[in-house]
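Read top to bottom, the protein sequences are chains A and B.
If you read the first sequence in this note's numbering, its first letter stands for residue 1, the second for the next number, and so on.
If you read the second sequence in this note's numbering, its first letter stands for residue 1, the second for the next number, and so on.
Everything labelled a hint here was simulated from the structure, so no lab data went into it.
Cβ atoms here follow ideal geometry from the backbone N, Cα and C, with glycine treated the same way.
Just a few of them, taken from the derived set where beta-carbon distance is under 8 Å, the chain B residues facing chain A:
{"no.": "1", "residue": "27"}
{"no.": "2", "residue": "93"}
{"no.": "3", "residue": "100"}
{"no.": "4", "residue": "117"}
{"no.": "5", "residue": "276"}
Here are some chain A residues pointing at chain B (derived, C-beta under 8 Å):
{"no.": "6", "residue": "15"}
{"no.": "7", "residue": "110"}
{"no.": "8", "residue": "178"}
Chain by chain, the residues:
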Amino acid sequence: MRALSSEAAAGYGFIAPAAVLIVGLIGFPFGLALWFSVTETWVGRPGPFVGLANFVRLAGNGTFQLTLVNSLLYTIGAVALKAVLGFILALLLLRITRFEKLIRGAILLPFVIPTALSTLAWWWMFEPTYSVLNWTGRALGLLTSDVPWLSDPTLARSAIIVVNVWRGLPFFAITILAGLVAIPQEYYEAAETDGAGAWQRFRNVTLPLVKPVLGIVVLFSTILTMADFNIVYLMTRGGPMNSTHLFSTLAHQSGMTSGRLSEGAAISLFLFPLLVLIVIVQLRLVRRQTAYE
Amino acid sequence: MSKGAGGRRRGGAWAYVAIAPFVLFALFPFYYMIVTSLKGDPELYNLDAIPYWISEGATLRHYAFLLTETLFPRWFANTLFVSALTVVVSVIVGILAAYAVARLRFRGVATFGVGIFITYLVPPALLFIPLAIIVTQLGLSDTPWALILTYPTFLVPFNTWLLMGYFRTIPREIEECALIDGCNRLQTLLRVVLPVALPGIVCAILFSFTFAWNEFLYSLVFVSSGVKKTITVGVTSELIRGDIYFWGSLMAGGIIGAVPIVVAYVFFLDYYVSGLTGGAVKG
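Chain B with its partners taken away, still in its complex shape:
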């Protein structure tokens, strides 16, 4: 039986009309953020000015303020450092574990697989308090290492789960040839399996990077000095002083902070979609 496009009809204009409110709902906050970040303060805080667009000329003042008068460049660098390291570590650990679960037979592998599934569902909100104590005991509190150590707790189960699915789709035969030729398991994994599973690896890297870049709770709890913060925490805590909100720079910070994710997203949209749906549809 062929897999069809379930009940797919060529949509009339009504489908576009009906989807417009959804698109508007999804995009308006971003549009409004951009408009706010480009407005001068007099217009921004003028209650009679139309908020939907810029009437008195666009300005880059908020961006300049953000980049020169705040710690934003440091936060950006910190986030990049933490994300890059955690992605490398958690993708490698995930590849090894996923290959073992998908391919190798040994005592305890089924239990380990269930363990991965359970930890994949554990939300960070469940463990941040004991983790804060562990991080402090290890002397890592208020350093990027606190995050590099703890981010893999949600990235490794995710990557393992995602990659297990990819590895299972690779025919066993190609591995068996390599094994007969005298490769050991690690060599087989590196030379034969990984090149074929490349789309899955790209997907794992992409999601890990997004999760690490977007993380908020652990970063808020484990890192406290201004210079060591990541973007999500820095922008939302250090740009607000008492009752004074720098709305223009807040929005500018939100936009620059999202740029790396948007760039990755534009280039790899299909990977995002397959990663998102893979888990649920394949079960």
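Next up, chain A with everything else stripped away, as it sits in the complex:
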């Protein structure tokens, strides 16, 4: 009995610092964000309770509607590309036996370098006058005039997706690779004995067994991609004509640059339903996996 209570005492003592941090600097700010979103608060000026007025106003706001569309396009486009290319890259990495470490290291690099700094390189590559892409296009005779990469809405949207894919691809590839490596070799031997060809082995062995890992990576990346800030803030500031704004950059512009805390907090909170959904699905996946073990 005494041992049990000392174990509990140690437990509470050990989690105390983390618990204080979570309550004070995640829980409390979250409550504050909720409060801001239902009041009319400006920087340095607390305001009255206004109910859902901020959300109603946002729903009718053209810029916000565009941000919603942008966020979906950006997230779906980037995550889909990362998943497909990441899978291909993982399959290739599996077949690389020489210079394995060197190639893995090179592939992983975009993921570890500060995104804010590597985005500068992309920004320079998309620079209207000195763009290396335009130079190459002209040199090859493919282009006659400069392509305005970041001042045309469609091109700008594509450009930020490319940068996001570049940065996030290593995470997909390395994680899927770990999933592939964990598949027991016997399954492949059995499939081969049964006369399965390469495609059938991929469809009936590889794909189903990698699916759980792929699912977790996709979910994880979905929240990170939708909550992305650095790439858009640095390359386009949400422009041209608000066509690349994400929730985070619009919230920053509204809450920090213009001082409309209520509106900024309300915009940020649109990330919350997605977070809840992903937490529920992930927890269910984790529980199911544990049940199998």
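Assemble the complex: chain A is given as a structure, and chain B must be docked to it using the hints.
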């Protein structure tokens, strides 16, 4: 059943040919950054010059400008200070919490574990506005302490989650021996568990340092004076004046700012890979 290398075939040359575009895609921006940072301005802004390499001689002028004429050395020092302190704090807090969740039984531990998992997924973009107000109310606005206080909000959940996995793989028996010998829980953790969990701790330190060094949003919002900025914010805001971009020094700043991360990365590549895949594969 043995864990094999799923369908691993010895790759023919085609695998190398097929992976080449991926390697090129991953590395080209870095290569281009280095080339740009070493070019003189006349060549840099000459539209007819070939952008892919340096034709008119390399120069360190942009690096010299960055190190002597800008606040870059201050930003570097600020980032180092903030990263070092946040890593120490968040790894210690993470170790204690992870050990409790992985090993100790008490009321509320399961709830706490779920709480860690949820906060691990909370993106900084969700809370930066209320945190800015809290930081201001505490009088920490525009000081490094604003960052040292807020970075643990994403580092502690990450470290706890990562280390829980490591602690669970350690056999209970070795701890029980220590406990029977009269060690209390803290002594057991320090003397018996930590030495065995060292790879996990290295991994936590490495990731925490990388996250803290690379952080951008909180640093942008909570710190405003030039001398107090961190590298990511300093380079991307202070080297651009109006419409004039110092592309050479911008790229030089990007490269020097990434050096500590690259060095850590080269030495500890395997830890990066295990940390990256640990969460997803173990669930």
